Amino acid sequence: MDYFLVVLLQIVGAVGNLALISVGLAVIFGMMRVINLAHGEFIMLGGFAAIFSVQAGINIWLAMLVIAPLSIAVLGVVIERLVMRRLYGRMVDTMLASWGLSLLLIGLATTFFGNRVVGIAAPVGSFRIGDYSLGAYDFVLAGIVLVVFAGGYAVLRFTRAGLIARATMQNREMASSLGIEPSRVYAITFAIGSALSGLAGGLLAPISGVLPTMGVAYIAKAFITVITGGASVITGTALSSTLLGSINTVSTFVTTPVLGDVALLLAATIFLRLLPTGITGRIFKGAP
Amino acid sequence: MTFSTFSRAGSIHIALAAIAMLAAIIILPSFAPLYTLINVTLYMSMGVFALSLALLWGYGGILCFGQSAFFGLGAYAYAIAAINFGDTTLAAAFAIVIPALFAAGLGYFLFYGRLSDVYLGVITLTVTLILFKLINSTGGDAWRIGEARLGGFNGIPNTPLLTVPFSGVPLSPAQMFMLAAIMLFVTYALCKVLIVTRFGRAVIAVRENEMRAELLGYNAKRLKLAVFVISAGIAGLAGLLFANSVFVSPTMFSLSMAAQVLIWVVVGGLGTLFGPVAACFALQIATAALGKLGIVDPNIVLGTVLVVFVVFVPGGIQPALAALHAWIATPTRQSRTLEKVAR
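Protein sequence lines correspond, in order, to chains A and B. For the record, in the first sequence the residue sitting at position 71 is 71 according to this note's numbering, with numbers rising by one throughout. For the record, in the second sequence the residue sitting at position 189 is 189 according to this note's numbering, with numbers rising by one throughout.
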């Protein structure tokens, strides 16, 4: 009984984790049809921002929840201005340019921060279920993810800004002829997406530590989660991370963590063969 | 296969490449130090790798983010077969056939599922990352195929060297260098010829407009699958040459390997064959030199080059050079006008 409860809680943790690392990419992809391959490096830099702030004596929650997202949002604005803006509408080129940025950021981080893992202690301890001990931080994290997703859904569904965002997402020309400036919407979207990546990095720093090349580990998973989710940013990402996170955790329990990751990627590949436009391309069409 | 459609420029390019290859084979081994020779062999194996993506992406219009999967598979297939057979001639064939078969399976899945651009990129990238993870986790005695231990992240350091067929005498570094030069030339000529055959032209038609090509009666899925398989075979050949100049390791599947080959094609020029090979040589020499100096992280250089080229030189070097050449070759506006009048 305890064992099943533990597996169930692990699944919740894994789903939260997957949703967290994917949401920044999902916002940028869903809104702008831009695949940001530097997403993993945004996560990495968010982690560094949080860790350096904590080392400078700032409260850890403030560092993870405010400083990490804000600093990466600023970086996102700069990158959008300098590079992305020139390439809108050229999907493959944006992918390549952001891959270049990813390499560049890895190189810069290695040069300035050193090629070693830095970490901070998790701000909350662990708890016990029967004979098993679980880290409480995973659930704090899942809770924050829930808040982010609920907030994102509410903003997109009920506010004027959300309406403008959805309009631009659905039909860019029509939105712009109704007086919405797409380039401004895109700039804001890129900043929000970057901030969410930064938040993910900040929150993951106590779990995994931060290393200049850590982004590589996240990008494939995030990528595949977003594509599996399909066109709807919030609903799609939530559904696909639930699906893939469960598959990952269960197969990790049955076999090894490496084969768990392989199972996740394989499942997503098969899924895309069945539903080429992702889950929300077929089911829950039009949900935000 | 008809050569009637083969342009004069195409034949000249192949002839020039043949001369360059012969010159390299005759001149370099006699005076270059062993270290340089081995390095150039390595660059040539990478040149073959660059050609595999230049063909697939530049002419087939298929952006494969995980070309390194076939590169690595070729090398592993070779190493495992060579260790098991004790002879390398047949193993060399495995290096080409296994990646091609793998590509046939994967490509069936991709092209007949009508997955295109981004999704294709994602899945191919995922495949190479899966292989990277899998191979990395194969440390220890439990993971072996026949006699060959897979060796996890250490790779297979005792990769057997290619031998002179049926004699068992391994090739010397100079002979290996010659083989790599010949293979690079053969691959280049093969690609060059392939794109002017009926098949190649149909592939280009699909790249230009898939629906129109299909309405004209071409089977776009089959054409894409075919060029995918050919490209995978070439990447496998590159893996074979790489395995013989370094050794087989999981880094062959890594993201940076996948990124490098894309960068060569972008920098060299999409839709060209010579450009990517030239870019491959230039960038490898540059990163090796920078790595030796230790001032700048090679990632910074590669990343900057990729961003700058995508944003400012989207056509790549070869078209830019061709434009420059045309500009120089046409002396003045006056003479151009005269030419027009004369016509």
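Please keep in mind that the hints were generated in silico from the structure rather than gathered at the bench. Please read these numbers as outputs of a predicted model, since none were measured by experiment. Any given hint could turn out to be false.
Derived Cβ-Cβ restraints for the label pairs, each shown as a range [what the hints assert, rightly or not]:
{"no.": "1", "chain 1": "B", "residue 1": "Ala93", "chain 2": "A", "residue 2": "Ala136", "range": "53 to 59 Å"}
{"no.": "2", "chain 1": "A", "residue 1": "Arg90", "chain 2": "B", "residue 2": "Asp87", "range": "57 to 63 Å"}
{"no.": "3", "chain 1": "A", "residue 1": "Arg90", "chain 2": "B", "residue 2": "Leu101", "range": "46 to 52 Å"}
{"no.": "4", "chain 1": "B", "residue 1": "Trp143", "chain 2": "A", "residue 2": "Ser133", "range": "30 to 36 Å"}
{"no.": "5", "chain 1": "B", "residue 1": "Leu293", "chain 2": "A", "residue 2": "Thr213", "range": "18 to 24 Å"}
{"no.": "6", "chain 1": "A", "residue 1": "Thr213", "chain 2": "B", "residue 2": "Gln175", "range": "36 to 42 Å"}
{"no.": "7", "chain 1": "A", "residue 1": "Gly209", "chain 2": "B", "residue 2": "Thr197", "range": "37 to 43 Å"}
{"no.": "8", "chain 1": "A", "residue 1": "Ser177", "chain 2": "B", "residue 2": "Gly152", "range": "33 to 39 Å"}
{"no.": "9", "chain 1": "A", "residue 1": "Arg116", "chain 2": "B", "residue 2": "Trp143", "range": "44 to 50 Å"}
{"no.": "10", "chain 1": "A", "residue 1": "Arg160", "chain 2": "B", "residue 2": "Leu101", "range": "38 to 44 Å"}
Beta carbons are placed, not taken as given, at the ideal position from N, Cα and C, and that holds for glycine.
Hints and how they fare:
no. : hint                            : verdict
1   : B:Ala93 / A:Ala136: 53 to 59 Å  : 57 Å, holds
2   : A:Arg90 / B:Asp87: 57 to 63 Å   : 50 Å, violated
3   : A:Arg90 / B:Leu101: 46 to 52 Å  : 34 Å, violated
4   : B:Trp143 / A:Ser133: 30 to 36 Å : 32 Å, holds
5   : B:Leu293 / A:Thr213: 18 to 24 Å : 21 Å, holds
6   : A:Thr213 / B:Gln175: 36 to 42 Å : 38 Å, holds
7   : A:Gly209 / B:Thr197: 37 to 43 Å : 54 Å, violated
8   : A:Ser177 / B:Gly152: 33 to 39 Å : 58 Å, violated
9   : A:Arg116 / B:Trp143: 44 to 50 Å : 29 Å, violated
10  : A:Arg160 / B:Leu101: 38 to 44 Å : 56 Å, violated
In terms of the numbered hints stated before, the structure departs from hints 2, 3, 7, 8, 9 and 10, listed from lowest to highest.
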